[in-house]
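As you go down the protein sequences, you meet chains X and U in turn. Residues in the first sequence are numbered from 1 upward in steps of one, following my numbering. Residues in the second sequence are numbered from 1 upward in steps of one, following my numbering.
Think of the hints as simulated: they come from the structure by calculation, not from any bench. Ideal Cβ positions, reconstructed from N, Cα and C, are used throughout, including at glycine. Hints may contain errors.
Keeping only pairs whose Cα atoms sit at most 25 Å apart, straight-line, the calculated SDA-like set for lysine to any residue is [said to hold, decoys possible]:
hint	chain 1	residue 1	chain 2	residue 2
1	X	Lys-93	U	Asp-199
2	X	Lys-93	U	Ala-412
3	X	Lys-348	X	Tyr-30
4	X	Lys-93	U	Glu-76
5	U	Lys-164	X	Phe-271
6	X	Lys-93	U	Phe-414
7	X	Lys-93	U	Asn-418
8	X	Lys-93	U	Gly-419
Cβ pair distances, simulated, as ranges [claimed, not checked]:
hint	chain 1	residue 1	chain 2	residue 2	range
9	U	Ile-420	X	Ala-139	37 to 47 Å
10	X	Phe-271	U	Gly-206	45 to 55 Å
11	U	Ala-416	X	Leu-120	32 to 42 Å
Computed, partial: chain U to chain X, Cβ under 8 Å [claimed, not checked]:
hint	residue
12	Val-62
13	Ala-72
14	Ala-84
15	Pro-106
16	Thr-109
17	Glu-408
18	Asp-410
19	Glu-417
In case you want the letters, here they are:
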Amino acid sequence: MFYREAGDFKTSYSQDNQTFPIAFDRWRYYLVLFVAIVVIPLTISDYWANSLLLPFLIYVIAALGLNILTGYCGQVSLGTGGFMAVGAYATYKLMTAFPWMDMVSVTILSGLVTAIVGVLFGLPSLRIKGFYLAVATLAAQFFLVWLFNRVPWFYNYSASGQINAPERTMFGMAVTGPNAEVWVKYLFCLFFVIVLAWIARNLTRGSVGRQWMAIRDMDIAAEIIGVNPLKSKLTAFAISSFFVGVSGALLFSVYLGAVEVGEAFGIQKSFLVLFMIIIGGLGSIFGSFAGAAFMVLLPVLLKIIGVDLLGWPTDIVAHIQLIIVGGLIVFFLIVEPHGLAQLWRLAKEKLRLWPFPH
Amino acid sequence: MKKLATLALAGLMAAGPAMADLVFPSLSYRTGPYAAGGIPFADGYADYFTLLNQRDGGIGGVMTSVPECETAYNTERGVECYEATRGEGALVYQPLSTGITYQLIPRVTADGIPLHTMGYGRTSAANGDVFEWVFNYPANYWDGASVIINYLLDQNEGSLDGQKIVLLYHNSAYGREPIRTLEILSEQLGFELVQLAVDHPGQEQGNQWLTIRRERPDYVIMWGWGVMNQVAVQEAANIRFPMDHFIGNWWAGAEHDVMPAGDGADGYLALNMNVLGDLPVFAEIQEHVIDAGLAAGDGSNLGSVLYTRGMYAAMLAAEAARTAQEIHGVADITPAMMRDGMEALSITEERMAELGMPGVGPAFDVTCGNHGGPGMGRIQQWDASAQEWVTLTDFIAPDDSVTQPLIEEDSAAFAAENGIESRGCAE
């Protein structure tokens with residue numbers, strides 16, 4: 001009824017090509033932006049920000065990054081945790097070496113450092129594919145964690161081997177450190193999410209994204225029609241690592257404040273982000289958001305229901321949580337292999353026809 | 001904005017459990033590779049407060065509550081737990097994880113909630129002049145390292161010159177803590193220190209024990225936790241390393257660490273900071289808590305090493321709360337009052353006997369400048385045939401001339417990094 005193209009006339013190509021061609025969708029998108037930028041910062045509580053929204057926003061960036069590489073370009077990566085660690089340690093080194101630098105520059109520079117490292121580890125992708133590439137990126141994961149543990153320069157020779165984020169401000173407001181207000185941290189992360197999601201969306205529907213998808217669908221055919229595999233694979237690695245690096249930088253500086261590399265950026269982090277994009281939907285921007293929300297919110301939701309409302313013992317709830325999350329992953333893989341994004345797509349198709357499906 | 005946040009938080013909390021008066025959150029871990037140590041400690045911690053509620057009607061007439069939050073020894077979940085329980089009026093945090101401690105030190109300092117890391121956490125927090133909100137009495141890792149070396153000196157007629165000592169440590173902030181102390185001691189005493197790191201979670205140690213076999217050290221000191229301890233003891237038994245030359249720290253000396261290796265673990269040494277054995281308080285816990293069906297766990301851990309330590313931690317918290325009530329003359333204390341109570345805490349032999357746990361730990365006084373306590377530890381040995389720990393020594397004092405300059409140096413660095421002014425404790 002409301003959700004259809006009929007009556008929504010496009011008079012130029014740019015209008016025809018817009019991300020949300022349906023008026024209702026556009027308005028919904030502006031509403032979400034309004035709520036995220038204006039309403040939430042005014043009403044946010046410490047608990048909701050620190051345990052739900054900040055990790056959600058940060059993991060969205062990581063999921064977007066991995067989705068570019070795996071979902072769009074078809075290169076499986078298990079090195080996400082390692083690349084996040086590169087972002088975090090680059091941030092730490094920049095923050096301590098250049099105390100005057102503002103956090104946006106620090107975060108972007110950390111992303112660029114990660115992009116360079118990502119390209120280095122992406123080079124094998126020119127020769128090897130599929131499972132073998134996954135193993136090569138797994139090596140990156142272990143190598144990077146080992147490196148940050150082993151070389152004291154990375155953690156400024158601190159006795160504990162941990163890195164701690166000192167306080168840094170943005171427009172006079174603390175963004176990192178314990179004295180930062182939650183709404184400042186939230187807006188800081190939200191800024192990166194909006195900008196990076198916008199970049200990702202526009203890259204993936206432009207010529208670069210089409211080259212990635214051509215490589216993903218059949219690399220030999222893509223090469224024959226003139227796609228340069230070197231260029232497209234390495235841009236995918238670079239841009240994906242940039243996103244993942246930014247997410248690691250934010251996870252360390254804004255969210256956690258102190259990090260121990262083996263624990264915060266271990267192999268389980270790589271799997272977590274991989275699960276996010278598989279559940280959310282490979283090759284979908286919305287899927288990255290949905291997957292991150294699913295993996296971040298569900299455990300907390302189950303904990304609130306189990307421990308706070310039902311009063312069950314914490315260990316039982318923790319185990320039930322593993323069972324439910326695992327069960328849901330299997331359920332999604334069987335029932336909807338294209339993830340939450342496909343469910344959303346189907347719902348939109350149905351809505352277009354509603355209330356006259358025939 | 002703050003007001004809105006508080007309102008929203010209040011709304012959230014109203015949906016939660018009913019608010020009790022004195023809140024001692026327990027950031028426990030009953031799942032994951034460190035659960036073996038986390039469960040008995042959490043049981044002991046919760047059961048002691050239940051005992052106080054059941055037997056005495058709380059502390060100073062105010063009931064206590066121990067909301068539990070599962071961290072699985074994971075720092076991200078630890079932060080989530082801290083945020084979740086902070087709004088309930090938490091008086092003191094005891095995360096039982098050095099990693100989570102490092103996360104919480106800046107947060108508790110900003111939020112004004114005391115943090116008590118008993119025998120773990122950041123060692124230099126012993127300097128109360130810099131770390132106003134952090135306490136690590138009665139002992140810390142640098143003390144522990146020094147106590148072990150003092151014990152070894154005692155065994156070797158006062159000289160470790162030319163000996164080779166391996167430090168087998170959990171590759172995390174926790175495991176790295178003793179390195180600086182041991183390095184300095186190795187320079188002073190002339191022993192060779194070999195450092196071997198074991199990565200989280202600690203099941204893979206084949207390589208390390210191969211190195212130990214090749215290096216033939218005189219002693220192996222272990223800074224381990226969770227499943228790492230069991231594997232290390234088993235591996236040591238496999239290569240027939242003399243068990244009485246293998247010393248764990250106080251987190252590597254519980255029953256579950258040595259049981260899986262069976263007879264092979266016989267003679268294994270470990271440090272402890274509290275006593276073992278049948279304390280009178282256990283009978284009361286059995287009567288008021290376990291038999292009443294109020295135990296936090298299944299009650300089977302009563303009296304084990306880590307259960308006793310969890311109960312000891314709870315006792316220190318309860319005594320600090322009582323001290324705070326006396327200082328301020330209010331029964332319903334705030335976290336800031338709790339801090340004052342912790343800083344004025346005085347544990348005497350008489351008080352421990354009165355509480356039904358005579359000599360459970362050393363007698364000590366906390367002061368403004370010293371948040372670390374005396375740092376004493378004792379050595380215990382596993383008797384595999386009797387399936388029990390035998391205490392070998394009395395409390396051994398650490399060498400403060402080694403640890404104190406390190407504490408000064410590290411806390412001064414922290415103060416400079418974070419712009420912390422001296423509180424003027426020295427005056």
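Comparing the hints with the structure gives:
1. X:Lys-93 - U:Asp-199: With Cα atoms ~24 Å apart, Lys-93 (chain X) and Asp-199 (chain U) stay inside 25 Å; holds.
2. X:Lys-93 - U:Ala-412: Roughly 21 Å between the alpha carbons, so the hint for Lys-93 (chain X) and Ala-412 (chain U) holds.
3. X:Lys-348 - X:Tyr-30: Given pair Lys-348 (chain X), Tyr-30 (chain X) holds - Cα atoms ~18 Å apart, limit 25 Å.
4. X:Lys-93 - U:Glu-76: Between Lys-93 (chain X) and Glu-76 (chain U) the Cα gap is close to 22 Å, so the pair holds against 25 Å.
5. U:Lys-164 - X:Phe-271: Not OK: Lys-164 (chain U) and Phe-271 (chain X) at ~41 Å, beyond 25 Å, violated.
6. X:Lys-93 - U:Phe-414: Measuring from Cα to Cα gives roughly 17 Å; hence the hint holds.
7. X:Lys-93 - U:Asn-418: Roughly 17 Å separates the two Cα atoms, so the pair holds.
8. X:Lys-93 - U:Gly-419: holds (19 Å)
9. U:Ile-420 - X:Ala-139: 37 to 47 Å: holds (42 Å)
10. X:Phe-271 - U:Gly-206: 45 to 55 Å: violated (25 Å)
11. U:Ala-416 - X:Leu-120: 32 to 42 Å: holds (36 Å)
12. Val-62: Hint on Val-62 (chain U): violated, closest Cβ of chain X at ~22 Å, above 8 Å.
13. Ala-72: Holds: closest Cβ of chain X sits about 7 Å from Ala-72 (chain U), inside 8 Å.
14. Ala-84: This hint holds: Ala-84 (chain U) lies near chain X, its Cβ roughly 6 Å from the closest one there, short of 8 Å.
15. Pro-106: Holds, about 4 Å.
16. Thr-109: holds (6 Å)
17. Glu-408: violated (14 Å)
18. Asp-410: Constraint on Asp-410 (chain U) satisfied, holds at 7 Å.
19. Glu-417: holds (7 Å)
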